[in-house]
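S.K.: Chain residues, written in single-letter form:
Protein chains: 2
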Amino acid sequence: MQDTPIHPAVDPVALAGLATERAAHIVEHLNDAPFEEAVALVAYLPYAKAVEAFDQPELRRAGDLLEAQSKTLALSLLRDMSADRAVDTLHELGPRESAALLDALEPETGAALRALLAYPKDTAGALMTTEFVAIPATATVAETLAHIRDVERTRETIYAICILDPHTKGLVQTLSLRRLIMGAPEALALSLALPQDPITVAPLTDREEVARLVSVHDLLAVPVIDERRRVLGIVTVDDVIDAIVAESTEDVQRFGGVEATNEPYLQIGFLSMIRKRAGWLSVLFLSEMLTASAMQHFADELQKAVVLTLFIPLIMSSGGNSGSQATSLLIRALALGQLRLRDWWRVALRELPTGIVLGGLLGAIGVARITAWQYLGIYDYGPHWVLIATTVAAGLVGIVTFGSLAGSMLPFILKRLGFDPASASAPFVATLVDVTGLVIYFSVAYAILRGTLL
Amino acid sequence: MQDTPIHPAVDPVALAGLATERAAHIVEHLNDAPFEEAVALVAYLPYAKAVEAFDQPELRRAGDLLEAQSKTLALSLLRDMSADRAVDTLHELGPRESAALLDALEPETGAALRALLAYPKDTAGALMTTEFVAIPATATVAETLAHIRDVERTRETIYAICILDPHTKGLVQTLSLRRLIMGAPEALALSLALPQDPITVAPLTDREEVARLVSVHDLLAVPVIDERRRVLGIVTVDDVIDAIVAESTEDVQRFGGVEATNEPYLQIGFLSMIRKRAGWLSVLFLSEMLTASAMQHFADELQKAVVLTLFIPLIMSSGGNSGSQATSLLIRALALGQLRLRDWWRVALRELPTGIVLGGLLGAIGVARITAWQYLGIYDYGPHWVLIATTVAAGLVGIVTFGSLAGSMLPFILKRLGFDPASASAPFVATLVDVTGLVIYFSVAYAILRGTLL
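Protein sequences, first through last, are from chains A and B.
Number 205 in my numbering belongs to position 205 of the first sequence; there are no gaps in the numbering.
Just so we're on the same page, my numbering is the position in the second sequence counted from 1, plus 1000.
Isolated chain A (complex conformation) (with noise of 0.2 Å):
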């Protein structure tokens, strides 16, 4: 006999098997089903279920969820629910919204809450959770076992443990959980720690930066300090994990093109679609628009040889192509820091004589194509189709080095302005690649043809 009515969008029977369920299944089901039933089935969850379901950055709608239920279900779950995640979910929602729950927290949540939502979207201090394991620099093994096992629920990891200064607060050392269960009970925790300096971010520090340290040190999670080394929170491994997919999703739609969304393909409105490809479509389309200008100054040399239009597209795609290459290697070089801002004149050093030989390559290809058509008599390129094709292949080669060279320079140029190197895009390379490439091309033929063709 059921004495209280479920609401009608959730099935008893789906609901009872939620609950032993993992959080990312769960998670899961809340983002597949329809807003309302997944409004009910929040409510309706086990509230620990509810609460791990939120802790997930996977769960989408996560704003409106919340917003959804009553205020006392969601006052609770953004208490109990990781500050960072807490922090995530405001952010969803609107300034307004979001004031007004933070009024209605405790004084001392709200102001945490508060203190975190300032720090900008992909820093240290945006990833980062407020609730670590402290103790202090006094404390022995025994004790920090103690402690850890009083607050064991209430902190997203205890893996890493921040030892403090009993006065000034400050961060002494950082230990492992591996690390202190071998020590003897009435050994200082301090005495287990490394002999060496704890590795830190500051909470303005880029969140591409904390994941490289976390990951050339084989982190579990790493303290962010203020100037006073006062440890404000930490960002833990799988927060990072989080952060790199993120970045890599960023970076893959950067370089093709797209303003960088990790809202999943289906999830994007229509409108919103076309704003996030239409802005660079056109900023690109109005650039591109030069190769018409350089056209129309070539429109004299075009008439009289028509048959040095018949490569553009090919020529002009090389360059953008090799461009593309080149963008992609330093994008990521520079993104793992193997390179640094000063080394651009040894990659522009590789990338020249790299070009040569490339677009050498593509010549040769080229001056066979040329030949083989004209001696099988595919197409007939006119009495100077040797020039035609020396042209072709002079041509290949000055573009193709240039964009080799354009394409490598681009990520450092980037880096220099204070802009992510990896907003340099395939389309954007192209683009610049295109416009110059038709004036090297038409300069090329000049020098070649005049006196015959033009």
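If you are wondering where the hints come from, they were derived from the structure by calculation, not from laboratory data.
A hint or two may mislead.
[Said to hold, decoys possible] Taking lysine to aspartate or glutamate and the EDC-like style, the derived pairs with C-alpha atoms no more than 16 Å apart in a straight line are: (1) B:K1071 - B:D1032; (2) B:K1304 - A:E301; (3) A:K121 - A:E227; (4) A:K49 - A:D80; (5) B:K1304 - A:D300; (6) A:K49 - A:E28; (7) A:K121 - A:E250; (8) A:K121 - A:D420; (9) B:K1049 - B:D1080; (10) A:K304 - B:D1080; (11) B:K1276 - B:E1250; (12) A:K304 - B:D1300.
[Said to hold, decoys possible] Quick look at which bits of chain A chain B covers, simulated, 3 or more residues with Cβ under 8 Å: (13) 31 to 43; (14) 238 to 249; (15) 329 to 339; (16) 351 to 360.
Glycine residues also receive a C-beta, built at the ideal position from the N, C-alpha and C atoms.
Go by the hints and put chain B onto chain A.
M.R.: Only chain B this time, still in chain A's reference frame:
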């Protein structure tokens, strides 16, 4: 007074400083040092530090550095470094050198490494380490902690504990160290585990799927089991991060049209760099030659209306750009599991209107430009300029729509054929769209301009 002379390549002061550094910094130093010096440094470093350095996947030339050591030191390092790194290092050596080292090891260690060597690159088997903590289901918390204290030094991670059936040795549960230390000493360790089936992978599971599971479920390690549920090894979170970073590098590079490489840019030899780029560049060039064929096909029209050629680069690049946008969105959506193969038609139904709207937008800009240039007297497109503007606009709608459709379907087609959808590159999409784009443009021109210009 220095009794044992140090190798001339090694600065004794630098060596002394290095001996107390973090593994990551030692690795950086070894990577930057000339090979001779790096070889000598490995030999003179405190042995434990040398092992730590070899345990870092960031160590470059690990195979060569190992081979250049005395056989005793090389074997000892191979024995003491984590099994997964030993396998990576052996992979770097030739089959003969690797076999010689394996034969010289104790039969048991040699056999274990040989088994690991057999797993294909990029699988869970190749990522896993065989050094993990396993206890029988009958062990208490106190016994488990005592066991962990015994083996801590030789295990890569102790944060995930495998609980085995005492008879079949099959995996029953996994338990985190966090939950373990919360338990009463006399309680069964098994009783502390979460009441869910443990998350496991097979040795041949792709590393991308391992990374997805670790990221979604916030795991610190995932056991690799065979079909009889025996634990072959575990993949730890730091190896997963390295795998995600490597995968992300490969994705960006392949999207840029380069053969994927995880070697740092400046370490890639000149010939190797040419090889990684020449292949795709030549394939793209050969395909793009179809544009020349298409142009030759329309040579008569071109001769009659050279004005049409002015817009070829502009229109073709717009098709390539919209294609590259769609491809980058779909590559990530498929990689993150947001879309399945059977969703292709839903994507096509979204890209069709998106392409039409975006093409219409660019078409409007194009018409505005031609009209402005005509009225301002910057360029004279002839008496039929209105028809030419119409041709450009209609061509753009057709080509951008085709680009969006082709770009979004390509990752699906690659996945259907069993390839990684991320092997779709921006240059490849652009080439695909260029050839078709030309045909679309000339067909539109023929339809609109027949009887006037053509």
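S.K.: All hints, please: hold or fail.
M.R.: Comparing the hints with the structure gives:
1. B:K1071 - B:D1032: 24 Å, violated
2. B:K1304 - A:E301: Holds, at about 15 Å.
3. A:K121 - A:E227: Violated: A:K121 and A:E227 sit about 20 Å apart, past 16 Å.
4. A:K49 - A:D80: Given pair A:K49, A:D80 holds - Cα atoms ~11 Å apart, limit 16 Å.
5. B:K1304 - A:D300: At roughly 14 Å apart (the allowed maximum being 16 Å), A:D300 and B:K1304 satisfy the hint.
6. A:K49 - A:E28: Roughly 13 Å between the alpha carbons, so the hint for A:K49 and A:E28 holds.
7. A:K121 - A:E250: 14 Å, holds
8. A:K121 - A:D420: Cα-Cα ~15 Å, so holds.
9. B:K1049 - B:D1080: 11 Å, holds
10. A:K304 - B:D1080: Violated, at about 74 Å.
11. B:K1276 - B:E1250: 12 Å, holds
12. A:K304 - B:D1300: Holds, at roughly 14 Å.
13. 31 to 43: violated (count 0)
14. 238 to 249: holds (count 9)
15. 329 to 339: holds (count 8)
16. 351 to 360: holds (count 4)
Consistency note: the structure conflicts with the earlier hints numbered 1, 3, 10, 13.
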